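Student: Sequence:
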Amino acid sequence: HEDAEFDENGVDVFDDKALAEEETGDSDLLDEELLSQGTAQRVLDATQLYLGEIGYSPLLTAEEEVYFARRALRGDLSSRRRMIESNLRLVVKIARRYNNRGLALLDLIEEGNLGLIRAVEKFDPERGFRFSTYATWWIRQTIERAIMNQTRTIRLPIHIVKELNVYLRTARELSHKLDHEPSAEEIAERLDKPVDDVNRMLRLNERITSVDTPLGGDSEKALLDILADEKDNGPEDTTQDNDMKQNIVKWLFELNAKQREVLARRFGLLGYEAATLEDVGREIG
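The sequence shown begins at 1 in UniProt numbering and counts up by one.
FYI, nobody ran anything at the bench for these hints, they're computed from the structure.
There's no promise every hint is true.
Under the rule of at most 27 Å between Cα atoms (straight-line distance), these lysine-lysine pairs were calculated in the DSS-like manner [what the hints assert, rightly or not]:
no. : residue 1 : residue 2
1   : K162      : K193
2   : K177      : K193
3   : K193      : K93
4   : K245      : K258
5   : K177      : K162
6   : K122      : K93
7   : K177      : K122
Estimated spans, in silico, between C-beta atoms of each pair [to be verified]:
no. : residue 1 : residue 2 : range
8   : L255      : T276      : 18 to 28 Å
9   : K177      : R97       : 38 to 48 Å
10  : A46       : V66       : 54 to 64 Å
Only a predicted model underlies this, so the values are computations on that prediction, with no experimental measurement involved.
Each residue gets a CB set at the ideal place from its N, CA and C atoms; glycine is no exception.
Start from the sequences, fold in the hints, and give me the full structure.
Tutor: Structure follows, in structure tokens:
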């Protein structure tokens, strides 16, 4: 059964009556929040403005949902828009669960709305389950993918990120249960995975430090300022290198012309590009 499949994949199967009651309550709460803010803040706060606007779109009944979904599948744009607008509060409800994960709430909502649009395009009302159940999977997918892509310095393949999230979720659960940060061994035991696999996955989650990041404290220097550039020689090294080159050139001219050319071509001296012995042999014969 489709609902069972969604439930197994961690998708919430919504009771739409309960959802309607909850969303009505949310709308009242949002109105109170808006009234409690000053006029200037209501204008400036895009999040509150958006939440206030979507509160005017009523939820669809099961019969209306089937009606509009069928028409949307046939390309009716007004029905498609009605399906989207009636479920915008569902996106907000889900997006709030991902708050403080690296993206602002409005960004989470925007990504979730993309998932909602995709769900409307793909939803088949003849399958027998409610749209909110189906849309939840798409909304969560797009939000999670956005978090993965936009908050990670080095982007990982999506299947790796999903596996990593399993490890991190298990670590959080164990942390609450054990009252301390779980070790790799404890995570491995819970997941029935080799410890090496756990360590390998957790290393992928290690924070990357930018070389432009300030060192902190009273210092305004960045890490880049104190890293030595191995290619940038100091004056002593430069002088020594120049002396060495002059001596090598002097020694080369003590050889006969052919010997001198072989060494010069091999090591990139006297204006030649450095070459392999095979190339030198081909050039000189």
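Student: So, against the hints stated earlier in the document, which numbers end up violated here?
Tutor: Numbers 3, 7, 9 and 10, in rising order.
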